[in-house]
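Going down the list, the protein sequences come from chains A and B. Quick note on numbering: the first sequence equals residues 0 to 105 in numbering that gives the first Met the number 0. Quick note on numbering: the second sequence equals residues 0 to 242 in numbering that gives the first Met the number 0.
These aren't lab readings, by the way, just hints derived from the structure by calculation. No residue lacks a Cβ here, since even glycine has one placed at the ideal position from N, Cα and C. Check each hint, because a few of them may be wrong.
[What the hints assert, rightly or not] Stretch-level coverage of chain B by chain A, calculated; a stretch enters the list once three of its residues show a Cβ under 8 Å from a Cβ in chain A: (1) 86-99; (2) 164-177; (3) 188-199.
[Said to hold, decoys possible] Computed, partial: chain A to chain B, Cβ under 8 Å: (4) T18; (5) T59; (6) C62.
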Amino acid sequence: MKAVLRPWPADFKGRPTVTVCINDRDERFAPCCGRHGGPEIAAALRAAVTQRALDIDVQTIMCLGLCAKGPNLRIAPSGSLYHALTVDDVPHVVDALAADLNAVKV
Amino acid sequence: MVAVLEKLPQAMPREAFLQEMLRRIEGKRHSDYPMVNLIRAGKATREQIGYLGVLFYHFTKVTPQVLSMIHSRCDDRKVRRRIMDTLIDEDTELRCGSKGHDELALDFATRFTGLSEDEVENFPVPQSIRDMVAYRFKVAREMPVTVALGNSGIASESHAPQMCRLISDGLREHYGVKDEDQESWIVHIDGDEDHSETAFKVVLDKVTSPEDQAKMLWCIDEYLFHWGNFWKETQKGQITLKK
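Pulled out of the complex, with its shape left as it was, chain A reads as follows (with noise of 0.2 Å):
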């Protein structure tokens, strides 16, 4: 797991959004997210977040434009990114995210 962590917006009051890419396509060309765990990554991260009782959106999207780096994940507002994830490095992402909502809310 890679990750490209950036700095929540000083009046950020929302609700952060989790958003995996789950794209599914021919990798004749370039790899894509959802041939190597896209949907179990997401599928993880609800059932974490749910778990924990956290007020974070997960969604999923077709492509983030990282198709090398996969699979991805985005977190807004901040815009940080998480590369090259599998199932096993869901657990780090929300303790990581509860961290930061911790700290913002604060």
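Using the hints, position chain B against chain A.
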């Protein structure tokens, strides 16, 4: 045409040319226009955003043809390959994405406005946007290949990711637009970040004569003028939504 094609007495050194290009962009980035910031702040009307969606589709749909035209005129194998990669990204889902970028723009326009694909396609496009499209074809057809590449890469794409991010965050936060319905903006936020660097490198390496540098500067001024018209036009919100 509003920009003046200057006559440079001699070629500018690399750093001076770079600074001159950046100077001309300053204050005219996409995110310098009110429309982008109105969306981010949740203060744009739905009509303004719908109108933007439709006009952005009519801008985006010609990009593959513009790129093909430049590709067909390019003698440099390495540059031609780079154009081909971009063309594949723009027009297909083979290397990146789920659809061509024109289809993504059409998806956003139809889903946000409630208009059908035919209605978006046949929407009466204002003259300023038709002029912008004609300008893009003119540059692709008549300008030196590297200048034509710089026209898009430097004058527009170099500052497009920030614009797309502001619009996307605004749509999600204030208008309830799901990310899957606004892929057209999201795919450019992080995916295009290296386009700018590539465009600057190609232009600085290849656009070295005073004549070509003058053409490059003319293109930057002229394209930014058209983009200014684009953003001002979107604010009119001249569309009747069906949802």
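These are the hints, each one checked on the structure:
Figure legend: the segment 86-99 of chain B, annotated as covered by chain A; annotation consistent (8 residues with Cβ-Cβ distances under 8 Å, at least 3 required). A count of 6 residues in the segment 164-177 of chain B with a Cβ less than 8 Å from any Cβ of chain A is obtained; the coverage claim is therefore met, three being the minimum. Counting residues of the segment 188-199 of chain B whose CB lies closer than 8 Å to any CB of chain A gives 4, which reaches the minimum of 3, so the coverage claim holds. Interface restraint check for A/T18: the shortest CB-CB distance to chain B comes to about 5 Å, inside 8 Å, so the restraint holds.
Contact between A/T59 and chain B, as hinted, is supported at the beta carbon level, the nearest pair being about 6 Å apart and thus within 8 Å. Of the supplied interface hints, the one on A/C62 holds, with its beta-carbon coming within about 4 Å of a beta-carbon of chain B, less than 8 Å.
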